[in-house]
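Number of protein chains: 2
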Amino acid sequence: MTCIGVLGGMGPAATVDFMSKLVELTPASCDQEHLPVVVANLPQVPDRSAAILGRGADPLPGLRRSVEILNEAGAGVIAIPCNSSHHWYRELCELSLAPIIHIVHACIERIPAGARRTMVLATRGTLASGFYQRELEAHGQHCVAPDPVRDQPFVDDCIRRVKAGDRAGAAASLQVMLDHAKAEGADVVILGCTELPLAAAAGTDAHGMLLIDSSLELARAVVEYGLRSGWNHG
Amino acid sequence: MTCIGVLGGMGPAATVDFMSKLVELTPASCDQEHLPVVVANLPQVPDRSAAILGRGADPLPGLRRSVEILNEAGAGVIAIPCNSSHHWYRELCELSLAPIIHIVHACIERIPAGARRTMVLATRGTLASGFYQRELEAHGQHCVAPDPVRDQPFVDDCIRRVKAGDRAGAAASLQVMLDHAKAEGADVVILGCTELPLAAAAGTDAHGMLLIDSSLELARAVVEYGLRSGWNHG
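Respectively, the protein sequence lines represent chains P and B.
First residue of the first sequence? That's 1 in UniProt numbering, and the numbers climb one at a time after it.
First residue of the second sequence? That's 1 in UniProt numbering, and the numbers climb one at a time after it.
Please note that a few of the clues may not be correct.
[Claimed, not checked] Only part of the chain B face toward chain P is listed, based on derived beta-carbon distances under 7 angstroms:
1. Ala-13
2. Asp-31
3. Val-37
4. Glu-72
5. Val-176
[Stated by the list, open to error] What the simulated footprint calls covered on chain B by chain P, stretch by stretch (three residues with Cβ under 8 angstroms from a Cβ of chain P suffice, anywhere in the stretch; the number is not a length):
6. 15-23
7. 42-55
Just so you know, these hints were derived from the structure itself, not from any lab.
All residues carry an ideal CB built from backbone N, CA and C; glycine is no exception.
Construct all of the structure, not just a fragment, from the sequences and the given hints.
Below, the structure is given as structure tokens:
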């Protein structure tokens with residue numbers, strides 16, 4: 001039996017949200033029509049953003065352990081609902097028996113052709129790693145990041161609050177960021193951290209900008225992969 | 001690293017709900033304080049209720065495969081957020097390296113000492129297997145099941161609708177059952193199928209009866225086990 005592998009736990013609430021999206025995106029009238037999924041939800045992996053910035057322990061051994069669990073369980077494809085972890089994408093692909101769908105590739109397909117200015121909201125680590133900027137520019141998109149002094153603290157605060165279970169407070173911080181993004185002329189905002197959609201769902205106003213939910217787009221890509229492979233038929 | 005093992009997929013939405021409860025019940029201010037969890041969410045396991053009633057394929061091989069995955073992943077305790085699967089509890093315990101917390105044991109602790117009449121809402125398979133009735137009676141509780149002709153079809157319909165994604169319709173069927181339970185003098189109702197809490201959350205009136213959510217009680221037991229074992233500290 002081949003299954004979808006989810007390398008999760010970063011954070012646990014974002015992983016539950018991702019799993020919920022997998023279920024909702026799968027057309028099924030009974031259990032057996034759903035896709036088989038194995039989830040390694042191991043939140044003890046050291047902080048990814050801090051490690052990218054050179055200020056924390058290396059998360060790679062923990063990420064590798066999860067890949068091994070998913071390989072052993074028979075994963076035919078792996079999704080990582082944590083943007084920052086994609087800093088180690090190449091190393092994880094080298095270890096994995098199954099292909100790993102890159103979360104940025106899943107997001108980029110949703111940017112409309114006429115988009116002028118795409119803002120990426122993400123951890124400081126993801127932004128320092130630069131994989132969003134490189135992919136967006138390769139697709140002819142102008143990518144802007146929040147101002148690190150004036151704006152990024154609201155993104156950091158939003159992510160921290162979701163991880164601590166305070167979704168209302170997280171939504172208030174995200175709203176400040178969305179107000180800034182609108183004022184700076186963004187027409188697309190990528191929620192490039194899987195905690196951010198949980199804050200957005202707690203009540204924010206996008207001022208007509210298109211919000212791209214990286215968790216939803218990754219879920220969509222992996223469900224399509226699983227259905228195309230027929231894994232819900234044994 | 002030792003983790004909680006979740007033998008899920010029956011159904012997938014109920015497993016996501018169970019995982020959400022694990023996260024919410026864990027006091028944590030950051031990812032690393034959460035409990036490590038590996039989930040085998042393999043919904044291709046044949047229908048448990050039908051098998052107990054002698055009308056379907058044997059789910060035991062599929063359940064065994066999930067236990068093996070969780071054993072290999074390092075589970076130190078296993079939870080099965082599917083009541084009907086507990087028909088095979090003994091066989092699964094024999095195979096598992098880790099103890100399996102019985103969902104009925106988790107529920108029974110919540111019945112108040114003064115309760116007079118406890119109604120168990122569950123699949124026809126769970127009721128035919130009789131493990132709820134035996135445990136309740138062993139604890140001095142009078143257990144009543146829905147009338148199989150007049151009432152049980154509403155339970156069946158409720159479960160089926162949750163599995164198919166129709167929570168509003170499921171809530172309407174559950175409401176009919178709760179009305180019947182109240183009219184029959186129940187003071188406690190056990191939601192003895194992990195789909196039922198999803199219907200209850202979509203909007204039902206319990207008429208003052210105590211609803212015991214089997215999924216929540218199992219989550220509470222397993223989180224307590226994990227925290228006591230210190231698994232969120234590596």
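Which numbered conditions among the earlier hints are violated in the structure presented, ordered from lowest to highest?
-> 5
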